[in-house]
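Visitor: Could you build all of it, start to finish, from the sequences and the hints given here?
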Amino acid sequence: MSDVMVDHTQKLEETAVPNNLEQQDKQDEEQPQQSVQENAEYEDEELHKLLVPDITQLPLIPPSAVEFNFASYFAPDFMKPGNDQYVYRHANGLCVVGLASTHLAFNDKGGITAVDFNVGKSDRSGMKVTGKRKKNAQHFESNTALCKVCTNGDSYIVRCCVKGSLLEVNERLIKQPELLHSSADREGYIAIIMPKPADWLKVKASLLSLEDFKKLRALC
Amino acid sequence: MTPFGHCLIMSSRTFCLSGCVLRILGTEDHIYCHSSFSQSMLCSVLEEVTGFKSEGDFQFCSVCLGVLQLSYRDDKETLVKMESPNDMALVIAELVKKEGHQIDGFSLEVSIPQFILENESSLLSGMKKRYESEPWLQERLLSKCVSVKDVLKFAITKPLETLLNTKASASSFRIRLAYTHKMAFGNSVERNQGFKRRKIGTENGLQNVNDESVVANKDCSDYPTNETIAVTGRSSLKVPIDKVSEPCHLVYLCYRTHIYLCGRYLKYSRNVSQTRWIIDEERMGEASVEEIIGSNILPMYRGDNYKFHAAGREDIDVRMLGSGRPFLLEIQNARQVPSEETVKEIESKINGLENKLVGVKNLQVVGSQGWTLMREGEAEKQKQYCALVWISRPLEDEDVCSISLLNDMQILQKTPIRVLHRRSPLERKKIIHWMKIERIAESSQYFLLHLCTQAGTYIKEFVHGDFGRTQPSIGSILGCRAEILQLDVTDVKMDSF
Numbered sequence: 001m002s003d004v005m006v007d008h009t010q011k012l013e014e015t016a017v018p019n020n021l022e023q024q025d026k027q028d029e030e031q032p033q034q035s036v037q038e039n040a041e042y043e044d045e046e047l048h049k050l051l052v053p054d055i056t057q058l059p060l061i062p063p064s065a066v067e068f069n070f071a072s073y074f075a076p077d078f079m080k081p082g083n084d085q086y087v088y089r090h091a092n093g094l095c096v097v098g099l100a101s102t103h104l105a106f107n108d109k110g111g112i113t114a115v116d117f118n119v120g121k122s123d124r125s126g127m128k129v130t131g132k133r134k135k136n137a138q139h140f141e142s143n144t145a146l147c148k149v150c151t152n153g154d155s156y157i158v159r160c161c162v163k164g165s166l167l168e169v170n171e172r173l174i175k176q177p178e179l180l181h182s183s184a185d186r187e188g189y190i191a192i193i194m195p196k197p198a199d200w201l202k203v204k205a206s207l208l209s210l211e212d213f214k215k216l217r218a219l220c
Numbered sequence: 001m002t003p004f005g006h007c008l009i010m011s012s013r014t015f016c017l018s019g020c021v022l023r024i025l026g027t028e029d030h031i032y033c034h035s036s037f038s039q040s041m042l043c044s045v046l047e048e049v050t051g052f053k054s055e056g057d058f059q060f061c062s063v064c065l066g067v068l069q070l071s072y073r074d075d076k077e078t079l080v081k082m083e084s085p086n087d088m089a090l091v092i093a094e095l096v097k098k099e100g101h102q103i104d105g106f107s108l109e110v111s112i113p114q115f116i117l118e119n120e121s122s123l124l125s126g127m128k129k130r131y132e133s134e135p136w137l138q139e140r141l142l143s144k145c146v147s148v149k150d151v152l153k154f155a156i157t158k159p160l161e162t163l164l165n166t167k168a169s170a171s172s173f174r175i176r177l178a179y180t181h182k183m184a185f186g187n188s189v190e191r192n193q194g195f196k197r198r199k200i201g202t203e204n205g206l207q208n209v210n211d212e213s214v215v216a217n218k219d220c221s222d223y224p225t226n227e228t229i230a231v232t233g234r235s236s237l238k239v240p241i242d243k244v245s246e247p248c249h250l251v252y253l254c255y256r257t258h259i260y261l262c263g264r265y266l267k268y269s270r271n272v273s274q275t276r277w278i279i280d281e282e283r284m285g286e287a288s289v290e291e292i293i294g295s296n297i298l299p300m301y302r303g304d305n306y307k308f309h310a311a312g313r314e315d316i317d318v319r320m321l322g323s324g325r326p327f328l329l330e331i332q333n334a335r336q337v338p339s340e341e342t343v344k345e346i347e348s349k350i351n352g353l354e355n356k357l358v359g360v361k362n363l364q365v366v367g368s369q370g371w372t373l374m375r376e377g378e379a380e381k382q383k384q385y386c387a388l389v390w391i392s393r394p395l396e397d398e399d400v401c402s403i404s405l406l407n408d409m410q411i412l413q414k415t416p417i418r419v420l421h422r423r424s425p426l427e428r429k430k431i432i433h434w435m436k437i438e439r440i441a442e443s444s445q446y447f448l449l450h451l452c453t454q455a456g457t458y459i460k461e462f463v464h465g466d467f468g469r470t471q472p473s474i475g476s477i478l479g480c481r482a483e484i485l486q487l488d489v490t491d492v493k494m495d496s497f
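Sequence lines, in order, name chains A and B. According to the numbering used here, numbering within the first sequence proceeds without interruption in unit steps and concludes at 220. According to the numbering used here, numbering within the second sequence proceeds without interruption in unit steps and concludes at 497.
Hints were generated in silico from the structure; no laboratory data involved. Quick caveat: nothing in here was measured; it's all calculated off a predicted structure. Treat each hint with caution, since some may be false.
Claimed, not checked - List of simulated lysine-lysine pairs, BS3-like, C-alpha gap at most 30 Å:
hint	chain 1	residue 1	chain 2	residue 2
1	B	81	B	129
2	B	381	A	132
3	B	307	B	144
4	A	204	B	414
5	A	135	B	460
6	A	163	A	128
7	B	76	B	158
8	A	134	A	163
9	A	134	B	414
10	A	196	A	135
11	B	381	A	49
12	B	460	A	132
13	A	49	B	344
14	A	134	B	460
15	B	460	A	204
16	B	414	A	128
17	B	460	A	196
18	B	144	B	158
19	A	49	B	460
20	A	175	B	144
21	B	414	A	163
22	B	97	B	158
23	B	436	A	49
24	A	202	A	215
25	A	132	A	121
Said to hold, decoys possible - Anything over 10 Å on all C-beta distances counts as not near chain B; from chain A, calculated:
hint	residue
26	163
27	198
28	214
29	218
Stated by the list, open to error - If you want the footprint, here are the derived chain B segments under chain A, 3+ residues with CB under 8 Å:
hint	region
30	336–347
31	443–455
32	477–490
Glycine included, every Cβ here is placed at the ideal spot set by N, Cα and C.
Guide: Dropping the structure here:
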């Protein structure tokens, strides 16, 4: 096992040798191999110094990619009591929607058994959006159904929450509905929606910030 | 007498420099000013060919549109009639001086309206028809038509060399005399549209001719070839060249063609974008690589402008370290060309800037092949990175081992959400060539991940998984949550740079 690791170390050195050093090598005939090697090692060291961070400056638990890049909003009891959903909005305007941890579906014994995207007039998992202009994307209202989440005893309709173009649904949920249990706020996301700026402003007013949502649901 | 020592031959419908007649018959340039044909003979040639005879005062030659009479309209629409080619050389020298160019050579170009070539071929075919049995014509048919461009260039080059104190050669410094003619536009549009079949209507009784002439190249070639003329099937002896009341419009241009500098850049800051980045009038980041490099190089060349091109790019918060990223800087219309030494000085200067945001390596002038070298490298090459990663549980020796065993691993990346608003939703296959974990002392959950990947791989998404849309990811491989805090590019592999 250690042999394999040594190999990779060598690769690192090889690739770090810049071109101009090889030229120097041709000129300096007296100690060719040694000085190239030394120079390469020196450059490596210098580079390495830049790469290693100051551990004292790093937080114990860093913000997650979602916390860092998205603004979190919540829609409590959306269209129905207990239907808590989240909307994570990226700086570029795209919204990732999914089930909040307080959603009723998580209370059911036996857990979530299936996710079905065939609701409303079409199967949401069947659509193909193409191109930079997002051709063929369906335009949905905030109360349009995205999918049905089924448990042993019940089923719940998940809706868009945001008016806009549906870019993508999380097809992995079809085969792996348990993702909703392990991480509903990441791998278990439901869909990605692109709202127009004006539509976002309208819906934003009705959504709660993370703090307000926590207070509402008495979460710590 | 006109500048080249020829008279205008006149007929009621058209005026033509006797010199132009000679040119078309292929008189060699150096005896252009002396003719073995008498003026009167040339007169009668033209009469016969065009059918009329009369007298008048100064007119523009219908064939060369006044170009060889050194007459033209300048950019202020003033009619200019130069006395000699020397005078034109003077105007050019003034322009070069005014623009502040420092030169060690020049390349003289003349561009003329296609119309002139068409006139020449008309006149020649007319003469051939009329005089095809004459021996003097037979001889002449073997030589090529002397082009307007060559006559002008030949006449202006020597005085220009003297005035500019340098030689004419294949140089990046171009002097261009651009002649255009209003009438030419109207006709050439017609001609280009009816390219193969051309109907020539006339006002005073000349026959309509369906002309199959293919005026060879659209891009003003110097000679209508003999083959081309032969194709012309004119049934009429009358040459439909009209009187020209306006000379050409002339613009004098002098410029240096693009100069290319290549090298590799390093970016030490996490707050510097690669290119100038402005949103809603606000700059993103504190500076850009493009501007730092461009603004330090442009003044040394006294150019108009620069364009920055790089082999790929990195995010504003990603440093570019190690060997650096290849780039090409295009300098437009440089007024001077600094020496190799000066170029090395520029490199040191940039590397010595106080704020240490950007560095440059291997800065050198490169020919136009610089482009191909750059493009070659972009898509195919591998990139090496170092990422600062945090995972949600302590790192085990097993993890370090299993990661290092993964070679040429294929991953599938859906278009990252952070760029999905402006890129197509696609699923891209990428290859992670190798990975190596470097532990960080005093930390069990932070570590450095060194990796080498195919060009176009989104590294950040490979670490945190992008909502599971990049499969596999570091998180999925290690079975926990993984986050990326910092990213550095440590090598862009490109041999030719």
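Visitor: Please go over all the hints and tell whether each is borne out by the structure.
Guide: Each hint tested on the structure:
no.	hint	result
1	81/B <-> 129/B	violated, 35 Å
2	381/B <-> 132/A	holds, 26 Å
3	307/B <-> 144/B	violated, 43 Å
4	204/A <-> 414/B	holds, 27 Å
5	135/A <-> 460/B	holds, 27 Å
6	163/A <-> 128/A	holds, 19 Å
7	76/B <-> 158/B	holds, 28 Å
8	134/A <-> 163/A	holds, 16 Å
9	134/A <-> 414/B	holds, 15 Å
10	196/A <-> 135/A	holds, 15 Å
11	381/B <-> 49/A	holds, 26 Å
12	460/B <-> 132/A	holds, 22 Å
13	49/A <-> 344/B	holds, 27 Å
14	134/A <-> 460/B	holds, 24 Å
15	460/B <-> 204/A	holds, 29 Å
16	414/B <-> 128/A	holds, 13 Å
17	460/B <-> 196/A	holds, 27 Å
18	144/B <-> 158/B	holds, 24 Å
19	49/A <-> 460/B	holds, 22 Å
20	175/A <-> 144/B	violated, 79 Å
21	414/B <-> 163/A	holds, 23 Å
22	97/B <-> 158/B	holds, 18 Å
23	436/B <-> 49/A	holds, 17 Å
24	202/A <-> 215/A	holds, 23 Å
25	132/A <-> 121/A	holds, 26 Å
26	163	holds, 17 Å
27	198	holds, 16 Å
28	214	holds, 21 Å
29	218	holds, 26 Å
30	336–347	violated (count 0)
31	443–455	holds (count 5)
32	477–490	holds (count 7)
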